[in-house]
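Knowing the structure of chain A, use the given hints to seat chain B on it.
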Amino acid sequence: MKEKLKRIFLEHPEISDWRITDYKILSTELFYVADRLETTRRTERAETEVTVYVDKDEKRGEATALCYDYMTNEELKEKIEDAVYSASFAMNRFYEIPEPSDREIPEMTSNLKGKDFREVMDLLVDAVFRADCHKNGYLSATEFFLKEKTVRIMNSRGIDVTQTYYTGNVELIPSWKTEKDDVETYHWISFENFDPEAITKETEEKILQAKARHEAVKPELSGSVKVILQEEDVSSIFWYYAYELSYQGKYDGSNRYEIGDCLQGNEVTGDKINLKLTPFYPGAVDSYYVDGNGIIMSELELIRDGIALNRFGSFRTGYYLGIKEPTGYIPVAVVREGTKSISEMKAEPYLHIVQFSDMQVDPDSGFFGGEVRLGYYFDGEKEYPVTGISVSGNIRTLGGKMRFSSESTTIHNYHGPKYLEVTMEVFG
Amino acid sequence: MFSEYLKSRQELCRKLVDRLSGRFEYVSVLGKRITGKKIDVSTSLFDVDDSFEVQSGFVVRLYNGRTFSEYSFTDIREEDLDRLEQEITESVRFSDHLLDQHADLERITDEPMVKDFERKGLGRRRTVPEAIAELEALRDKVKAVSDKIVFVRMTHEYYDVSVMFLSKNRTLTQFYSWNAVRGYVTAKDGDKMQSSYDVSAYNDVDRTFAVMNEKAEGLGKLAVELLDAENIEPGIYDIITAPSISGLIAHEAFGHGVEMDMFVKQRAKARMYVGKQVASELIEMHDGAAATESCVGYFFDDDGMLAHDTVIIKNGILMQGISDAVSAVQLGAEPTGNGRRSDPYRKSYTRMTNTFFSAGKDKLEDMIASVKHGYMLFQTDNGMEDPKNWSIQCVAQYGREIRDGKFTGKIVAPVVMSGYVPDLLMSISMVSEDFEVIGSGHCGKGYKEYVPVSDGGPYLKARCRLG
Chain A
1 MKEKLKRIFL EHPEISDWRI TDYKILSTEL FYVADRLETT RRTERAETEV TVYVDKDEKR
61 GEATALCYDY MTNEELKEKI EDAVYSASFA MNRFYEIPEP SDREIPEMTS NLKGKDFREV
121 MDLLVDAVFR ADCHKNGYLS ATEFFLKEKT VRIMNSRGID VTQTYYTGNV ELIPSWKTEK
181 DDVETYHWIS FENFDPEAIT KETEEKILQA KARHEAVKPE LSGSVKVILQ EEDVSSIFWY
241 YAYELSYQGK YDGSNRYEIG DCLQGNEVTG DKINLKLTPF YPGAVDSYYV DGNGIIMSEL
301 ELIRDGIALN RFGSFRTGYY LGIKEPTGYI PVAVVREGTK SISEMKAEPY LHIVQFSDMQ
361 VDPDSGFFGG EVRLGYYFDG EKEYPVTGIS VSGNIRTLGG KMRFSSESTT IHNYHGPKYL
421 EVTMEVFG
Chain B
429 MFSEYLKSRQ ELCRKLVDRL SGRFEYVSVL GKRITGKKID VSTSLFDVDD SFEVQSGFVV
489 RLYNGRTFSE YSFTDIREED LDRLEQEITE SVRFSDHLLD QHADLERITD EPMVKDFERK
549 GLGRRRTVPE AIAELEALRD KVKAVSDKIV FVRMTHEYYD VSVMFLSKNR TLTQFYSWNA
609 VRGYVTAKDG DKMQSSYDVS AYNDVDRTFA VMNEKAEGLG KLAVELLDAE NIEPGIYDII
669 TAPSISGLIA HEAFGHGVEM DMFVKQRAKA RMYVGKQVAS ELIEMHDGAA ATESCVGYFF
729 DDDGMLAHDT VIIKNGILMQ GISDAVSAVQ LGAEPTGNGR RSDPYRKSYT RMTNTFFSAG
789 KDKLEDMIAS VKHGYMLFQT DNGMEDPKNW SIQCVAQYGR EIRDGKFTGK IVAPVVMSGY
849 VPDLLMSISM VSEDFEVIGS GHCGKGYKEY VPVSDGGPYL KARCRLG
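Chains as they are written, first to last, in the working numbering: chain A, 1 to 428; chain B, 429 to 895.
If we strip away everything but chain B, and leave its shape as in the complex, we get:
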């Protein structure tokens, strides 16, 4: 349920908005409190800590008629209101020299709305000893796969998110929770060593554990199998991307380029392609906190804008980007509910949420059968955006060779995909009816500002340079 602490600060935040509204054309306060736990059980240690997502704080956003200022702080108390008001007012004062450089921005929208949102977590939340016992069972199941498995770590993380947004015309609160179980396995044979990992993440804690239980043995077998992985012969191949890699392409290769704060900064090539074909006609791509249920299932963003399900690509045509409130107003667009902060002490940027390609009509077995020589690529290893130049850096943890429509049993790892983003998207020739969004990951903007995200989609058949 919604944080009692934030509830106790709501009236004070309202007073702060009212006091500052006399001096500034727009004032908002965002309060965020995330609580939760992370329970680690490995072959060597047990640990219980607060979840990585735990945070608590407030941020005031002000508009002075030309530009924005923000002040982040840890707490607000009745006896501190005068001091806080003075500090905030003082904090926007910079030298005349810097103030002369201010941009002339429009005010962000502040349509009236008063609403409380809540999405209850499903299943029975485990106590610490219950979670440890289940994680031990998962660990032992993986360890039993092979003597070559030297290390297993199973982590259960859960968190409850409470957010409050107040402006002159809006009073919004939201509460939601999330669960994940992550598995990480290391296998060793002589001086060869390889690792595998996977995640199960749902709003239903029972399902979260059950799905990891189904995956556990395979996770152990994969780590052992990867010990025999070969290097791939560099070249251009037909590829089939598993949902994790389809999501990686949607997110890293294309998604960052349609974050509209990058449009404002002249940092995204996609701005010139709105209304134009950027992908195969088979492709539809979405982003939005309202698009699916995941770790980013918020109802309103950190700018106080309602979550959307934005269709970014339809029939291969780039329809629109996604935006935070400030970028949207500068571009004359409607905010899409993608303004997100890493925490209340960080700036809001346009950020992806749940980013995925829509399912198609092809059967996976037909897609595999259609490949003369190529690879099916699995499990995201890493990716890096290049929104202005659209070059690809996407790395799959491993690939399985296909020859004449059948898997040969050869496994290659890791697999680096390279090339030019539109070339890859235009080459997509088959889209599976199977579809999965992987519900719990993290993403940075550049090399910072990490926020939870999910991505995924169907299996895609495309052509790409691998190495």
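For reference, chain A alone in the conformation it holds in the complex:
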């Protein structure tokens, strides 16, 4: 495909630069209803994304089109001609595309590499169902995915980089049923290294969360309450700050902060944010070293003690902003832990939110919150599971008052404090 495309590019002198991205994805999937296997799936997918760049009057246009191996030479020619035509009308300020780098691409390590996914599935299914041993608890539906994804990025300046990623996912719907009621919780487990014992442990924890939701009551709570957020919801808060420093926001004029500004407001009485972006962190399954433009990325210190140090983002917007070496879209945020332990956070009354239906963080207004599917409320005397209430707050006014836990966690695109303490408005 690459050689065919290159020959076609040569027939178009208007093409100043090009990029070709090959995707190959192999997956093995199993779908269970309760403990019965309903469907098995295998997939093989191959696609090529082609971007052509056309220069005119000191401006540059680009257009992208999906191509497939099955396309004849004539079909490919038609696709490229159409992309050239489109690019010649989508003219922006001139920008360069990335040059090859001397940096080595570290290998993405995974113990799934080289394994027969069907054999791994045997172990993965057993690891999950081993935890399904409760009289009232059960897994109502479980989906298993093992995936190998290879991405090769080439461009006209000589970039030619390949990365292969291995991921496993389990969609888990644990339920807890008694004569009183039957309730469920939703979970999406991800891993790049398969550890059966860790999967069993996590499944067990999630089943017990369904039990807790079953026992949960809707509390008579309203007004300001100290809230403890955890895991992914904490990650969403820190990513809100990271996105405030994207090249795109600055270029669009929709940014609020300049380098040197404090992102947490004028008065920071809580913990100060120290945030780095990194392409890879062990256990963070969204890690990748090479971004969509073929940039081999490296670590970037973004926020130090709440102060904006840098911006990050795509090569094009970085170029427009005059950044010498645009960073690329660095996928993982690493945040320094705080000094307050979870036991210290829990010394006073609190609402510890374990699961939202879907916590929202509005990048414009700073609003965050949502409906609590499962939380634990401590009234000063006893802790009990709660559900059916909503919480809301605004990061822009609360950012300087948040406390971060000394305990850390690693999830999809984040390593940092596992818990975050903040006062929010509760209603329900």
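These are computed hints drawn from the structure, not numbers from a lab. Careful: at least some of the hints might be erroneous.
To be verified - Below are the DSBU-like pairs computed for lysine-lysine, each with C-alpha atoms no more than 35 Å apart in a straight line:
1. Lys226/A / Lys697/B
2. Lys435/B / Lys250/A
3. Lys876/B / Lys115/A
4. Lys435/B / Lys460/B
5. Lys569/B / Lys59/A
6. Lys149/A / Lys226/A
7. Lys115/A / Lys2/A
8. Lys226/A / Lys418/A
9. Lys876/B / Lys250/A
10. Lys643/B / Lys576/B
11. Lys466/B / Lys147/A
12. Lys77/A / Lys226/A
13. Lys460/B / Lys113/A
14. Lys800/B / Lys697/B
15. Lys56/A / Lys113/A
16. Lys113/A / Lys876/B
17. Lys218/A / Lys800/B
18. Lys147/A / Lys435/B
19. Lys113/A / Lys250/A
20. Lys742/B / Lys6/A
21. Lys435/B / Lys543/B
22. Lys620/B / Lys226/A
23. Lys643/B / Lys59/A
24. Lys180/A / Lys226/A
25. Lys569/B / Lys56/A
26. Lys460/B / Lys346/A
27. Lys226/A / Lys466/B
28. Lys401/A / Lys838/B
29. Lys272/A / Lys340/A
30. Lys340/A / Lys324/A
31. Lys876/B / Lys135/A
32. Lys346/A / Lys201/A
33. Lys59/A / Lys800/B
Stated by the list, open to error - Among chain B residues calculated to face chain A with C-beta under 10 Å, some are:
34. Lys465
35. Val482
36. Asp503
37. Arg505
38. Asp619
39. Gln705
Fair warning: this is a prediction, and the values are worked out from it, not measured in the lab. From the three backbone atoms N, C-alpha and C, an ideal C-beta is built for every residue, glycine too.
This is chain B only, laid out in the frame that chain A set:
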């Protein structure tokens, strides 16, 4: 018109079905090819790419007498038939340990049918420079509203859908197309920032641009007005939902719970309520690709079942759910044509299509006049289903306060609706004669499997906890 590429692969897919039919009790092949473009014009950039909907591939579905297996692939060629047949046959082999866990499912129906369906797009499809020029004009119209508008993006997307379904007894093809223009505006005042957005989506490209042209100025004014939005005082209020929010309630709060694969998985409370009252007697709710014209206007679903217009709620009574082919056969129900795949590399699930409440007889001005203190809620921000427990998470982008039957001018944003789904539906006391289905959105199942959907309905007067 129907994809020449898929046409060129039809005979090969038929051969594959015939070859595999010797080994499996049921074999089908779905081929899908979507082509189209997305043209972005913003205050900072121009971009032209393939549409988000673009996809191409095939999926074979097999039934071995107990359960189903699928194999997805990118292309089929004459010289690859032997290899493909072998790979597919090999792909269903898992260990005895896993095979012992197989469910005992019934075979899905395969009634004979040979038919080609087509719905032609209306209006004149724009060339790239024409689309860019019209989008620039829309962008500039919005930008001219206020100096506080810092960013405007106008996006035109169009796509052509070709689908082919072959089984032993069925040979179906379909073609349809769709257009949308989306507007997104950001306004800023000091460190306050707010955004507004809207979509115009029809099968007629001229109308798609014309309607966005009518909406553009209002979109800019709304973004600026939202800069002064206040937080709502949490409490229980009378609400009037605009069609977008009525659709959000129909889709997120109730619709996911009547997807019958959730019945099979014991994941939906609605299963226990079929034949029972779940909503006010004023309520009728539909779903179906045949129910209205939208981005989901297919003629048959990804299981090869014909599209329906399913009445889910009538006079407040839950009549039935919607189903994909596998769920329907397990529940002894007729498939409703709701088996959908995010793309050919994904499994088919029961999915909503066009989900809406039917129009009523009330006049909107009477509904507003009847509110002592409450809010009219506009524009879907987000929603999340909870089919087993029926809790509500629906967020409106903004609300306008009503006191003593009149708008006060106060605007609140965002507005989170919470509570218990049947309580909300039972509280509906007025249903407007105005009616709109918003023809172009997307929905996931859980947190994945995104497919195009539409929803909407009339204005509804109800009572709900807001915060």
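Hints, one by one, checked against the model:
1. Lys226/A / Lys697/B: Given that 35 Å is the threshold and the Cα spacing comes to 33 Å, the pair holds.
2. Lys435/B / Lys250/A: Given pair Lys435/B, Lys250/A is violated - Cα atoms ~48 Å apart, limit 35 Å.
3. Lys876/B / Lys115/A: Judged against 35 Å, a Cα distance of about 26 Å means the pair holds.
4. Lys435/B / Lys460/B: Status holds; Cα separation ~11 Å.
5. Lys569/B / Lys59/A: holds (25 Å)
6. Lys149/A / Lys226/A: violated (43 Å)
7. Lys115/A / Lys2/A: holds (29 Å)
8. Lys226/A / Lys418/A: Holds, at about 16 Å.
9. Lys876/B / Lys250/A: With Cα atoms ~31 Å apart, Lys876/B and Lys250/A stay inside 35 Å; holds.
10. Lys643/B / Lys576/B: Between Lys643/B and Lys576/B the Cα gap is close to 18 Å, so the pair holds against 35 Å.
11. Lys466/B / Lys147/A: Holds, because 29 Å separates the two Cα atoms, which is no more than 35 Å.
12. Lys77/A / Lys226/A: violated (62 Å)
13. Lys460/B / Lys113/A: holds (31 Å)
14. Lys800/B / Lys697/B: Roughly 34 Å separates the two Cα atoms, so the pair holds.
15. Lys56/A / Lys113/A: Distance ~46 Å between Lys56/A and Lys113/A Cα, so the pair is violated.
16. Lys113/A / Lys876/B: Given that 35 Å is the threshold and the Cα spacing comes to 25 Å, the pair holds.
17. Lys218/A / Lys800/B: Holds, at about 28 Å.
18. Lys147/A / Lys435/B: Holds, because 31 Å separates the two Cα atoms, which is no more than 35 Å.
19. Lys113/A / Lys250/A: Roughly 40 Å separates the two Cα atoms, so the pair is violated.
20. Lys742/B / Lys6/A: Violated, at about 60 Å.
21. Lys435/B / Lys543/B: The hint holds at about 14 Å.
22. Lys620/B / Lys226/A: Cα-Cα ~26 Å, so holds.
23. Lys643/B / Lys59/A: holds (32 Å)
24. Lys180/A / Lys226/A: Between Lys180/A and Lys226/A the Cα gap is close to 31 Å, so the pair holds against 35 Å.
25. Lys569/B / Lys56/A: holds (27 Å)
26. Lys460/B / Lys346/A: Violated: Lys460/B and Lys346/A sit about 54 Å apart, past 35 Å.
27. Lys226/A / Lys466/B: Measuring from Cα to Cα gives roughly 45 Å; hence the hint is violated.
28. Lys401/A / Lys838/B: holds (30 Å)
29. Lys272/A / Lys340/A: Distance of about 13 Å is within 35 Å: holds.
30. Lys340/A / Lys324/A: violated (39 Å)
31. Lys876/B / Lys135/A: OK: Lys876/B and Lys135/A at ~30 Å, within 35 Å.
32. Lys346/A / Lys201/A: Cα-Cα ~24 Å, so holds.
33. Lys59/A / Lys800/B: violated (58 Å)
34. Lys465: Result: holds, 7 Å to nearest chain A Cβ.
35. Val482: holds (5 Å)
36. Asp503: holds (4 Å)
37. Arg505: Interface hint status for Arg505/B: holds (7 Å vs cutoff 10 Å).
38. Asp619: holds (5 Å)
39. Gln705: violated (20 Å)
Hint check: violations occur at hints 2, 6, 12, 15, 19, 20, 26, 27, 30, 33 and 39; the rest are consistent with the structure.
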